[in-house]
Amino acid sequence: MTKMLTNKPFMHIQFSHINKSYCKKRCGFFIKKSQAKVIFNDANIVLKGGQCVLLTGSNGSGKSTLLRIIAGILKPDCATITTGSKSLSWKKANKLIRQQVMYLYQEPYMFDGSVTRNLEYALNGKKFSSHSVNQITRALKWANLEHRADTSAKCLSGGERQRVALAQAWLKQPSVLLLDEPTANMDKASRQATEALLLKFKERGTALLIASHDVKHFHQTMDKQLLLENGHIFEIGDKTNNISLFPHSSKRQA
Amino acid sequence: MGSLLTTTLEAISLLFSGDAELWSIIGISFRISTTAILIAMIPAILLGFTLAYANFPGRRIFISIFNSLLAVPAVVVGLTLYIVLSRQGPLGEWKLLFSQTAMVLGQIALSFPILVAMSHTAFQSAEIRAWDTARTLAKNPLSAFFIIMREVRFGLFGALLAAYGRIIAEVGASMMLGGNILNSTRNIPTAIAMETSKGEFAQGIALGIILVSMAFFLTMSLQYMQGRGKISND
Chain A
14 MTKMLTNKPF MHIQFSHINK SYCKKRCGFF IKKSQAKVIF NDANIVLKGG QCVLLTGSNG
74 SGKSTLLRII AGILKPDCAT ITTGSKSLSW KKANKLIRQQ VMYLYQEPYM FDGSVTRNLE
134 YALNGKKFSS HSVNQITRAL KWANLEHRAD TSAKCLSGGE RQRVALAQAW LKQPSVLLLD
194 EPTANMDKAS RQATEALLLK FKERGTALLI ASHDVKHFHQ TMDKQLLLEN GHIFEIGDKT
254 NNISLFPHSS KRQA
Chain B
76 MGSLLTTTLE AISLLFSGDA ELWSIIGISF RISTTAILIA MIPAILLGFT LAYANFPGRR
136 IFISIFNSLL AVPAVVVGLT LYIVLSRQGP LGEWKLLFSQ TAMVLGQIAL SFPILVAMSH
196 TAFQSAEIRA WDTARTLAKN PLSAFFIIMR EVRFGLFGAL LAAYGRIIAE VGASMMLGGN
256 ILNSTRNIPT AIAMETSKGE FAQGIALGII LVSMAFFLTM SLQYMQGRGK ISND
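Each protein sequence line maps, in turn, to chains A and B.
Numbering-wise (the numbering used here), the first sequence opens with residue 14 and increments by one.
Numbering-wise (the numbering used here), the second sequence opens with residue 76 and increments by one.
Hints should not be assumed to be uniformly reliable.
Stated by the list, open to error - Pairs of lysine-lysine, DSSO-like flavour, derived with a Cα cap of 27 Å:
{"hint": "1", "chain 1": "A", "residue 1": "Lys61", "chain 2": "A", "residue 2": "Lys213"}
{"hint": "2", "chain 1": "B", "residue 1": "Lys214", "chain 2": "A", "residue 2": "Lys99"}
{"hint": "3", "chain 1": "A", "residue 1": "Lys99", "chain 2": "A", "residue 2": "Lys50"}
{"hint": "4", "chain 1": "A", "residue 1": "Lys229", "chain 2": "A", "residue 2": "Lys213"}
{"hint": "5", "chain 1": "A", "residue 1": "Lys99", "chain 2": "A", "residue 2": "Lys61"}
{"hint": "6", "chain 1": "A", "residue 1": "Lys213", "chain 2": "A", "residue 2": "Lys237"}
{"hint": "7", "chain 1": "A", "residue 1": "Lys61", "chain 2": "A", "residue 2": "Lys88"}
{"hint": "8", "chain 1": "B", "residue 1": "Lys214", "chain 2": "A", "residue 2": "Lys88"}
{"hint": "9", "chain 1": "A", "residue 1": "Lys213", "chain 2": "A", "residue 2": "Lys201"}
{"hint": "10", "chain 1": "A", "residue 1": "Lys61", "chain 2": "A", "residue 2": "Lys167"}
{"hint": "11", "chain 1": "A", "residue 1": "Lys61", "chain 2": "A", "residue 2": "Lys237"}
{"hint": "12", "chain 1": "A", "residue 1": "Lys61", "chain 2": "A", "residue 2": "Lys215"}
{"hint": "13", "chain 1": "A", "residue 1": "Lys154", "chain 2": "B", "residue 2": "Lys214"}
{"hint": "14", "chain 1": "A", "residue 1": "Lys88", "chain 2": "A", "residue 2": "Lys104"}
{"hint": "15", "chain 1": "A", "residue 1": "Lys104", "chain 2": "B", "residue 2": "Lys170"}
{"hint": "16", "chain 1": "A", "residue 1": "Lys104", "chain 2": "A", "residue 2": "Lys167"}
{"hint": "17", "chain 1": "A", "residue 1": "Lys237", "chain 2": "A", "residue 2": "Lys88"}
{"hint": "18", "chain 1": "B", "residue 1": "Lys214", "chain 2": "A", "residue 2": "Lys61"}
{"hint": "19", "chain 1": "A", "residue 1": "Lys108", "chain 2": "B", "residue 2": "Lys214"}
{"hint": "20", "chain 1": "A", "residue 1": "Lys201", "chain 2": "A", "residue 2": "Lys154"}
{"hint": "21", "chain 1": "A", "residue 1": "Lys99", "chain 2": "A", "residue 2": "Lys215"}
{"hint": "22", "chain 1": "A", "residue 1": "Lys213", "chain 2": "A", "residue 2": "Lys167"}
{"hint": "23", "chain 1": "A", "residue 1": "Lys108", "chain 2": "A", "residue 2": "Lys88"}
{"hint": "24", "chain 1": "A", "residue 1": "Lys99", "chain 2": "A", "residue 2": "Lys88"}
{"hint": "25", "chain 1": "A", "residue 1": "Lys61", "chain 2": "A", "residue 2": "Lys50"}
{"hint": "26", "chain 1": "B", "residue 1": "Lys214", "chain 2": "A", "residue 2": "Lys213"}
{"hint": "27", "chain 1": "B", "residue 1": "Lys273", "chain 2": "A", "residue 2": "Lys105"}
{"hint": "28", "chain 1": "A", "residue 1": "Lys108", "chain 2": "A", "residue 2": "Lys215"}
{"hint": "29", "chain 1": "A", "residue 1": "Lys167", "chain 2": "B", "residue 2": "Lys170"}
{"hint": "30", "chain 1": "B", "residue 1": "Lys273", "chain 2": "A", "residue 2": "Lys215"}
Keep in mind the hints are simulated off the structure, nothing from the lab.
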């Protein structure tokens with residue numbers, strides 16, 4: 014069943030009953046159990062194609078942890094994933110998630126080699142065909158990185174790295190794109206360039222989930238705003254009712 | 076000083092004269108060590124990778140064990156395998172003692188911990204973000220593994236060189252397991268030890284030149300590859 018689903022991009026994915034807690038503490042060589050710290054307590058989130066969801070919350074509230082669970086990198090205690098009419102456990106859906114969900118770090122990791130080489134990795138080993146060469150050229154142009162094609166990716170600035178990562182996502186074409194603080198420590202120009210690329214993903218029908226403190230920077234892109242607090246996810250705003258319900262952002266605006 | 080120079084010149088002329096016995100020793104040495112490295116390489120790198128990125132109980136203990144095994148002397152490895160392979164030992168029926176196979180087994184046992192410990196360090200140097208990114212980009216875990224292998228290739232080459240250098244120059248295990256039989260199990264280090272004890276320094280120096288040249292060539296190759304892969308500031 015999983016194999017059947019993997020070939021088909023989904024327009025709607027729901028993660029429900031997400032529970033995650035940490036109760037192990039490393040003590041030298043040994044791991045001892047300590048009092049459980051609950052990160053998520055029956056949290057639910059729905060992601061739809063072409064929709065951008067902004068996930069906010071205070072430091073340590075679990076934004077990155079939630080993104081890593083959705084990306085299939087971190088195992089939750091339990092979670093149910095629903096795509097269309099199919100419901101799967103996190104473990105069974107992991108292969109599907111790995112193929113259809115892409116997670117971008119705050120500081121994307123660049124592999125040794127040129128920007129082109131880094132983009133080739135997103136082509137699933139089909140890098141030698143002329144079609145693939147055209148795809149990479151188009152991705153470079155799309156991310157405005159043509160002049161950096163042969164530059165070592167490790168030498169790029171934070172903004173350029175983020176654009177390379179977005180170009181990789183553009184080539185990979187995931188159904189869901191998860192971004193962890195994508196505009197942190199960026200200047201205005203880089204921020205605007207990143208946001209412009211995110212809008213293109215939305216137009217393509219990709220579901221976006223952005224974890225960020227910078228609510229105002231995603232005003233154009235965002236469709237829905239969620240707040241992560243005490244292990245629960247609350248819907249606190251959308252494009253129409255703005256972001257005034259979020260107390261932290263109100264303080265920041267003041 | 077004059078004697079040393081004369082012996083060295085004699086050793087060089089011995090090398091270029093195509094002495095059959097000398098080149099047989101060199102051939103045996105390289106064949107055994109290359110076979111051992113090729114056998115140990117894949118499982119050791121996979122184990123190093125697992126210890127770097129997988130999370131399982133006892134992982135740290137495994138890492139400590141392999142790091143400790145780096146310090147085990149070759150004679151101890153030789154002695155252990157000698158007991159196992161000797162006629163009264165558990166594998167005595169296989170009649171492997173004093174054969175090239177026994178020497179290969181000894182060199183595998185010596186190189187394996189070096190390869191595991193150093194490949195583990197190499198994989199760890201790439202940090203967990205690299206693995207997560209590779210998993211996100213690649214279509215399956217195997218493709219992601221090859222992306223990471225390329226990322227840490229210099230560390231892995233370093234591990235291979237260190238392990239190869241250790242086993243091709245070790246004398247303890249080779250002497251105990253091979254028995255220093257001419258045209259069969261006599262390799263470079265056992266030949267050097269024997270010729271030196273006989274007072275025949277020329278052949279010992281000739282073989283020493285081969286070992287030093289090999290070490291120089293391998294190190295230069297690694298440095299050349301690292302130079303080609305270095306980050307440009309374009």
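Quick rundown of the hints versus the structure:
Pair hint Lys61(A) plus Lys213(A) holds up; C-alpha atoms about 15 Å apart against a cutoff of 27 Å. For a cut-off of 27 Å, the pair hint linking Lys214(B) to Lys99(A) stands: about 23 Å separates their Cα positions. Under the criterion of a C-alpha separation no larger than 27 Å, the hint pairing Lys99(A) with Lys50(A) is inconsistent with the structure, at around 31 Å. Of the supplied pair hints, the one linking Lys229(A) and Lys213(A) holds, its CA atoms being roughly 19 Å apart against a limit of 27 Å.
Only pairs whose Cα atoms come within 27 Å are accepted, and Lys99(A) paired with Lys61(A) is accepted, the gap being roughly 15 Å. For the given pair, Lys213(A) sits about 17 Å from Lys237(A) by alpha-carbon distance, which is consistent with the 27 Å threshold. The hinted pair formed by Lys61(A) and Lys88(A) meets the criterion: a straight-line CA distance of about 22 Å does not exceed 27 Å. With a C-alpha separation of about 20 Å, the suggested pair Lys214(B) and Lys88(A) falls inside the 27 Å cut-off, and the hint holds.
Proximity of Lys213(A) to Lys201(A) is assessed by CA-CA distance (about 19 Å); at most 27 Å being required, the pair is judged to hold. A threshold of 27 Å between alpha carbons decides the hint, and for Lys61(A) with Lys167(A) the separation of about 34 Å lies outside it, so the pair is violated. Taking the CA atoms of Lys61(A) and Lys237(A), the gap is near 11 Å; set against the 27 Å cutoff, the hint holds. Among the hinted pairs, Lys61(A) with Lys215(A) is consistent with the structure: their alpha-carbon atoms are about 10 Å apart, no more than 27 Å.
Taking the CA atoms of Lys154(A) and Lys214(B), the gap is near 24 Å; set against the 27 Å cutoff, the hint holds. Our distance criterion of 27 Å between C-alpha atoms is met by Lys88(A) and Lys104(A), whose separation comes to about 8 Å. This hinted pair does not check out: Lys104(A) and Lys170(B) have alpha carbons roughly 49 Å apart, beyond 27 Å. Using a Cα cut-off of 27 Å, the hinted pair Lys104(A) and Lys167(A) is violated, with the two alpha carbons roughly 34 Å apart.
Taking the CA atoms of Lys237(A) and Lys88(A), the gap is about 26 Å. The hint holds against a cut of 27 Å. In summary, the hint linking Lys214(B) to Lys61(A) is supported, as the alpha carbons are separated by about 23 Å, within the 27 Å threshold. Restraint check for Lys108(A) and Lys214(B): satisfied, since their Cα atoms lie roughly 10 Å apart, inside the 27 Å limit. Proposed proximity of Lys201(A) and Lys154(A) is supported: the alpha carbons are some 21 Å apart, at most 27 Å.
Restraint check for Lys99(A) and Lys215(A): satisfied, since their Cα atoms lie roughly 24 Å apart, inside the 27 Å limit. For the hint pairing Lys213(A) with Lys167(A), the CA-to-CA distance comes to about 26 Å; that is within 27 Å, so the pair holds. Of the supplied pair hints, the one linking Lys108(A) and Lys88(A) holds, its CA atoms being roughly 13 Å apart against a limit of 27 Å. Taking the CA atoms of Lys99(A) and Lys88(A), the gap is about 20 Å. The hint holds against a cut of 27 Å.
Among the hinted pairs, Lys61(A) with Lys50(A) is inconsistent with the structure: their alpha-carbon atoms are about 30 Å apart, more than 27 Å. Between Lys214(B) and Lys213(A) the CA atoms are separated by roughly 24 Å; this keeps the pair inside 27 Å, and the hint holds. A hinted pair counts as satisfied when its Cα atoms are at most 27 Å apart, and Lys273(B) with Lys105(A) does not qualify at roughly 69 Å. For a cut-off of 27 Å, the pair hint linking Lys108(A) to Lys215(A) stands: about 24 Å separates their Cα positions.
Taking the CA atoms of Lys167(A) and Lys170(B), the gap is near 55 Å; set against the 27 Å cutoff, the hint is violated. About 81 Å separates the Cα atoms of Lys273(B) and Lys215(A), which puts this hinted pair outside 27 Å; it is violated.
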